[in-house]
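Start from the sequences and build out the full structure, keeping to the hints where you can.
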Amino acid sequence: MKLDIVVLWITFTIDRLSKMRKLTCHCGLIEIEINIKDSFEDLYRCNCSMCIRKGAITAIVNKEDLKVVKGMDKLKCYQFKTKVAKHYFCSNCGIQTHNLRRRDPNTYGINVACINDISTKELFNFKVRINDGRNHIMDRQ
Amino acid sequence: MKKKLTCHCGEFEAEVTIPENGIEKVMRCNCSLCKRKGYVIGVLGENDFKIIKGEKLLKLYQYYTRAAKHYFCSICGIHTHNRPRINPKIFGINVACVEGTDPFELKNIGLNDGENHPLDQKK
Numbered sequence: 113m114k115l116d117i118v119v120l121w122i123t124f125t126i127d128r129l130s131k132m133r134k135l136t137c138h139c140g141l142i143e144i145e146i147n148i149k150d151s152f153e154d155l156y157r158c159n160c161s162m163c164i165r166k167g168a169i170t171a172i173v174n175k176e177d178l179k180v181v182k183g184m185d186k187l188k189c190y191q192f193k194t195k196v197a198k199h200y201f202c203s204n205c206g207i208q209t210h211n212l213r214r215r216d217p218n219t220y221g222i223n224v225a226c227i228n229d230i231s232t233k234e235l236f237n238f239k240v241r242i243n244d245g246r247n248h249i250m251d252r253q
Numbered sequence: 314m315k316k317k318l319t320c321h322c323g324e325f326e327a328e329v330t331i332p333e334n335g336i337e338k339v340m341r342c343n344c345s346l347c348k349r350k351g352y353v354i355g356v357l358g359e360n361d362f363k364i365i366k367g368e369k370l371l372k373l374y375q376y377y378t379r380a381a382k383h384y385f386c387s388i389c390g391i392h393t394h395n396r397p398r399i400n401p402k403i404f405g406i407n408v409a410c411v412e413g414t415d416p417f418e419l420k421n422i423g424l425n426d427g428e429n430h431p432l433d434q435k436k
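Those sequence lines, one after another, are chains H and G. Numbering-wise, the first sequence is residues 113 to 253 according to the numbering used here. Numbering-wise, the second sequence is residues 314 to 436 according to the numbering used here.
Be careful, since some hints might not be right.
[Stated by the list, open to error] Residues on chain H that point at chain G, a partial pick, calculated with CB under 7 Å:
no., residue
1, 141
2, 162
3, 164
4, 167
5, 168
6, 190
7, 201
8, 205
9, 206
10, 208
11, 225
12, 231
13, 237
14, 238
[Claimed, not checked] DSSO-like cross-link-like pairs, simulated, lysine-lysine; straight-line CA separation at most 30 Å:
no., chain 1, residue 1, chain 2, residue 2
15, G, 382, H, 198
16, G, 435, H, 233
17, H, 179, H, 195
18, H, 195, G, 338
19, H, 175, H, 131
20, H, 233, G, 420
21, H, 114, H, 182
22, H, 188, G, 372
23, H, 193, G, 363
24, H, 188, G, 317
25, G, 363, G, 435
26, H, 198, G, 369
27, H, 233, G, 382
28, G, 317, H, 193
29, G, 338, H, 233
30, G, 372, H, 195
31, G, 366, H, 193
32, G, 420, G, 369
33, H, 239, G, 420
34, H, 186, G, 382
35, H, 188, H, 134
36, G, 369, H, 193
37, H, 193, G, 315
38, H, 188, G, 420
39, H, 186, G, 366
40, G, 369, G, 435
If you're looking for bench data, these hints aren't it; they were derived computationally from the structure. Backbone N, C-alpha and C define an ideal beta-carbon position, used for all residues, glycine too.
Structure, rendered in C-alpha cells:
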C-alpha cells in the first residue's frame with residue numbers, strides 16, 4: 113500500500129517535471145517556469161492597442177502553472193484602461209514575458225518566443241490565429 | 314508622408330516619414346532578440362525618424378557586439394525602434410506603433426535571417 117503511494121507520487125512528479133518549461137527574457141535576468149498541460153494548440157497574436165505593439169505569439173496558461181523563479185524585482189508591470197490586465201516586461205531588455213489576462217485573470221498569456229526549448233524554425237511555423245482584442249468581449253454591450 | 318509613432322502609454326512619440334505607398338521593406342526577424350519582440354519591422358532611412366517627445370523615458374538595450382541599439386519605453390515596455398547592426402545609421406521601426414498601420418493587413422512581410430547574421434558568417 114505504502115509502496116503504491118510512493119510509486120504514484122514519483123509518477124506524478126516525473127509527469128509534472130516533464131511538462132515544466134523554462135521561459136526567459138532576452139538578457140536572462142527573468143526566468144519563469146510554466147507547466148503546460150496541453151501542447152500549443154491555441155496560439156494567437158492579439159490586435160488590441162497594447163498587444164498589436166507587442167507583436168508576440170501568445171499561449172494561455174493557468175495562473176497556478178506559472179512561477180517567476182528569477183528576477184521578480186526586475187519585472188516591470190504596465191496597466192491601462194480597466195487596469196485588470198497586468199503586462200509584465202523585463203526592465204533591462206524590455207522583453208514582454210507574460211501578462212495577466214483581463215478576459216480571465218486566473219490565466220496568463222505567455223510570450224511563446226521566450227520558451228527556451230522551442231526552436232526558431234518551430235516558432236516561425238506555428239499556426240497562429242488573430243485574437244480580436246480590439247473589440248474586447250468585455251467592452252461589447 | 315509624415316506619421317506619428319507612439320509607444321502604448323504615449324509618453325514616447327516620434328515622427329516618421331513614410332512613402333505614399335507604405336514602407337517598402339517590412340519584415341520579421343528571427344534573431345534571439347527580435348523573435349522575442351515579435352513585432353513587424355519597417356526599415357526607414359536615417360533622416361526618416363525624428364523624436365518628438367519622451368527621449369528620456371526611452372531605455373536602450375544592447376548586447377553581444379553592441380553595435381545595434383534597441384529602444385523601448387521604460388513605462389509600457391513597448392519596443393518602438395532600433396538601429397540595426399547591419400547599418401546603425403538606419404532605423405528599424407515597430408510598424409504597429411505607427412498611426413493607422415495594421416501589421417495584420419500588411420502584405421509581403423519578409424523574414425530577416427538574423428539568427429545567421431551576415432556579420433557573423435566567416436568569409
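State the violated hints by number, sorted upward, taking the hints as numbered earlier in the document. Violated hints (numbers, rising): 1, 12, 13, 14, 18, 21, 25, 32, 38, 40; every other hint is consistent with the structure.
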